[in-house]
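**Student:** Got chain A sorted already, so can you dock chain B onto it with the hints?
Keeping their order, the protein sequence lines are chains A and B. Each residue of the first sequence is one higher than the one before, counting from 90 in my numbering. Each residue of the second sequence is one higher than the one before, counting from 4 in my numbering.
Nothing false has been slipped in among the hints.
Quick list of in silico lysine to aspartate or glutamate cross-link-like pairs, DMTMM-like style, CA-CA up to 20 angstroms:
(1) 102/B / 55/B
(2) 125/A / 97/B
(3) 102/B / 186/A
(4) 133/A / 171/A
(5) 62/B / 186/A
(6) 20/B / 87/B
(7) 114/B / 18/B
(8) 156/A / 113/A
(9) 58/B / 186/A
(10) 102/B / 142/A
(11) 114/B / 87/B
(12) 60/B / 186/A
Derived by calculation from the structure, the hints in this document are not laboratory data.
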Amino acid sequence: DTAVSQTPKYLVTQMGNDKSIKCEQNLGHDTMYWYKQDSKKFLKIMFSYNNKELIINETVPNRFSPKSPDKAHLNLHINSLELGDSAVYFCASTLGETQYFGPGTRLLVL
Amino acid sequence: SQKIEQNSEALNIQEGKTATLTCNYTNYSPAYLQWYRQDPGRGPVFLLLIRENEKEKRKERLKVTFDTTLKQSLFHITASQPADSATYLCALEDTGGFKTIFGAGTRLFVKA
Chain A
90 DTAVSQTPKY LVTQMGNDKS IKCEQNLGHD TMYWYKQDSK KFLKIMFSYN
140 NKELIINETV PNRFSPKSPD KAHLNLHINS LELGDSAVYF CASTLGETQY
190 FGPGTRLLVL
Chain B
4 SQKIEQNSEA LNIQEGKTAT LTCNYTNYSP AYLQWYRQDP GRGPVFLLLI
54 RENEKEKRKE RLKVTFDTTL KQSLFHITAS QPADSATYLC ALEDTGGFKT
104 IFGAGTRLFV KA
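One chain only, chain A, in its complex shape (with noise of 0.2 angstroms):
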């Protein structure tokens, strides 16, 4: 009965490749959110939608496309990967106040 699920935990790849990471909510919110943190912890906010609506950009490179099939889904496409996407992408969601994460994806560039 996970709430925020992500695939996949783990991605190792090549600089210059296309990857994806899904993510899943089934707790009926309204809201979902993509995240990244670095090596410095710092959690930074990329994307938010709404309903399927792209609320958010914060001024993320479009190597990076969100997509939401419907609300229960936001998946992150990234292509050309570069050795600064290395991080943890943490999906969320809420209702309201309280966001609720996913267990991340640690994604390493090489």
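**Tutor:** Same frame as chain A, now just chain B:
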């Protein structure tokens, strides 16, 4: 510029003592502030929310205060235990909603 700041250095305390973590913010007027706990290799987990009209909130051994004049929140863990060792993040809502801003977190180590 807008900032949310937490003690960047780790906090080491002895089991049984009270841990106090600080969160200061600049150029925000949040309607509420939240505290989250993050364990290594896991996502943040919500602990407490305090609103601007509340001075103090408690939950079991946790206590949060919110001073909108000082633009500061304090997070206390009383009778701390080694299991309380984790990183604690404060977070507030940016103006306009839909965006939560997180501090960098303070790492707490509780020694037995």
